[in-house]
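Enquirer: Note that the protein sequences, when read in sequence, are chains A and B.
Taking the working numbering, I'd label the letters of the first sequence as residues 102 to 382.
Taking the working numbering, I'd label the letters of the second sequence as residues 102 to 382.
Among the clues, some could well be false.
The list cannot tell twin chains apart, which means a pair is met if one copy fits it or any two copies do.
With a straight-line cut-off of 27 Å between C-alpha atoms, the simulated DSS-like cross-links for lysine-lysine are [unchecked claim]:
1. 202 with 113
2. 108 with 202
3. 316 with 258
4. 317 with 155
5. 216 with 258
6. 258 with 379
7. 316 with 128
8. 316 with 259
9. 126 with 165
10. 126 with 316
11. 179 with 216
12. 321 with 165
13. 104 with 126
14. 155 with 165
Note that these hints are calculated values from the structure, not bench results.
Number of protein chains: 2
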Amino acid sequence: MIKLTAKPVIEKRRAQLAADTAAFKAKSGKTPHLSVVLVGEDPASRIYVANKSKAAELVGFTHKTILFPASATPTEVKAKIDALNRDPKVNGILVQRPLPKAYVESEVMFWVDPKKDVDCLHPENLGLVVAGQPRFVPCTPGGIMVMLEHYGYSVAKKVACVIGRSSIVGKPLAALLLNDNATIMQVHRSTQNPESVCRQADFVFVAAGAPRMLKKEWVKPGAVVIDVGIHRDETGKVFGDVDTDSVGEIPSALTPVPGGVGPMTIQVLLENTLRSAKLRS
Amino acid sequence: MIKLTAKPVIEKRRAQLAADTAAFKAKSGKTPHLSVVLVGEDPASRIYVANKSKAAELVGFTHKTILFPASATPTEVKAKIDALNRDPKVNGILVQRPLPKAYVESEVMFWVDPKKDVDCLHPENLGLVVAGQPRFVPCTPGGIMVMLEHYGYSVAKKVACVIGRSSIVGKPLAALLLNDNATIMQVHRSTQNPESVCRQADFVFVAAGAPRMLKKEWVKPGAVVIDVGIHRDETGKVFGDVDTDSVGEIPSALTPVPGGVGPMTIQVLLENTLRSAKLRS
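Bound conformation, chain A alone (with noise of 0.2 Å):
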């Protein structure tokens, strides 16, 4: 079984954006801006946003981080968003979550004008991409297809079982494989017999936020499977949505985590910021 891992992905796709991002520099005169939009304490989102900005700026991007205290209230996170949104100096807008309760995340999917919304969680991106149009790629199932692209494997006219229909996973990811001409079957925490759906696929994606919840018994021989989850246990360690040692050997490949899909994530953002900028310049 092969691991399909992040590190030679990110290093090849990182070098090319560096390099496009010094051209369009070179080209426009201008420098693509990512900034983010950080609400309260919480220690994970700290180290999410502290390595977004780390990536922005090995790839010649600039950013800022603006943080509000966990008390600050929706009305003037929205009124600084919306400055984001006017200043034609700023090409990506990012806004961490989870955000504290008070925020309505209904809402909120509307702050970011949807030309700098480059996580792809405006609505109207989310329909883009499911039309088939996409403006911005959606920052994790983005960076999966990367990674199979990057691998060498095609899902057309192959079956791909999406497991999770999340909005930021599951039903994007869903769409990006139909596009590429898979035939989609997909399951959720609803689904009758879901092994014996899931066993039918070349292609697994299991985004159920589920500790270890897929077993041999959901996998055809063969299957090539991509893990999405990401959980720690008590001692620290972390680790994915599929139980590795019941599936064994029997996925030809696998994405393993840490390392797997988790670190494509940012580099989409990225790709996605410098093609923001080249949008408007």
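Fit chain B to the supplied structure of chain A, relying on the hints for placement.
Expert: Relative to the frame of chain A, chain B by itself:
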């Protein structure tokens, strides 16, 4: 085998809509208004538009059809739509398709204000449907869901196979079914052995746009089959994507063509228009 016809569904829903409209008018002092934009002289489009106007009148809306010659430029038509977008008396705007070749669908879909887009074709509205937070319901997929509900079917925990993947039917239909807890299988021209996939389904939705393509090999005994196709032969006979001779009595229920899914579309359009009027008042 039961024939699932639109007539009783529409009679019931239309009476309800007329009553809801009367109540809305009494309460708000406003009358829902639907504007239809028609470019060119396509006879079929003229009939569709006339049917929509007639139905709007029957439920108590006002309506207006704005007719442009086929030679009208996209700039002219867009300017008129901009004016309708700004007009507070206009609740719903529908641009009849197909448009002449000078019109680029990926641009036109942005023209109607998403809050007046009762045809549910703007990417923002498609995205909201996918996210499970619909502002409007896409007309044909929504009509199918209304029909299933009327006849007492629930897709929850069942396997639904969608044949086709257009942005108007296949994709939003799969989203509505998924949001109603169906397990989704989506097949299309690139699918290998689509019959064996489809034969697993409790509900089959044929939106392939291919005359009589669904044969008995595709249908599990007892499945409910929804035919979204509409075709006409040389003699003027109208038929669908289902080969009714081939499938015979294998399904437990089937929507006929004509008289099945087709007439539901206008009903949903009108329901969206009243919803739009309510959202704005």
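Enquirer: A separate judgement is required for each hint: does it hold in the structure or not?
Expert: Comparing the hints with the structure gives:
| no. | hint | result |
| --- | --- | --- |
| 1 | 202 with 113 | neither (39 Å within a copy, 42 Å between copies) |
| 2 | 108 with 202 | neither (35 Å within a copy, 47 Å between copies) |
| 3 | 316 with 258 | both (25 Å within a copy, 21 Å between copies) |
| 4 | 317 with 155 | neither (38 Å within a copy, 58 Å between copies) |
| 5 | 216 with 258 | neither (33 Å within a copy, 38 Å between copies) |
| 6 | 258 with 379 | neither (33 Å within a copy, 45 Å between copies) |
| 7 | 316 with 128 | neither (52 Å within a copy, 58 Å between copies) |
| 8 | 316 with 259 | both (21 Å within a copy, 23 Å between copies) |
| 9 | 126 with 165 | within (18 Å within a copy, 51 Å between copies) |
| 10 | 126 with 316 | neither (48 Å within a copy, 58 Å between copies) |
| 11 | 179 with 216 | both (16 Å within a copy, 21 Å between copies) |
| 12 | 321 with 165 | neither (46 Å within a copy, 57 Å between copies) |
| 13 | 104 with 126 | neither (36 Å within a copy, 64 Å between copies) |
| 14 | 155 with 165 | within (11 Å within a copy, 56 Å between copies) |
Going down the numbered hints, you'll see the structure goes against 1, 2, 4, 5, 6, 7, 10, 12 and 13, while the others check out.
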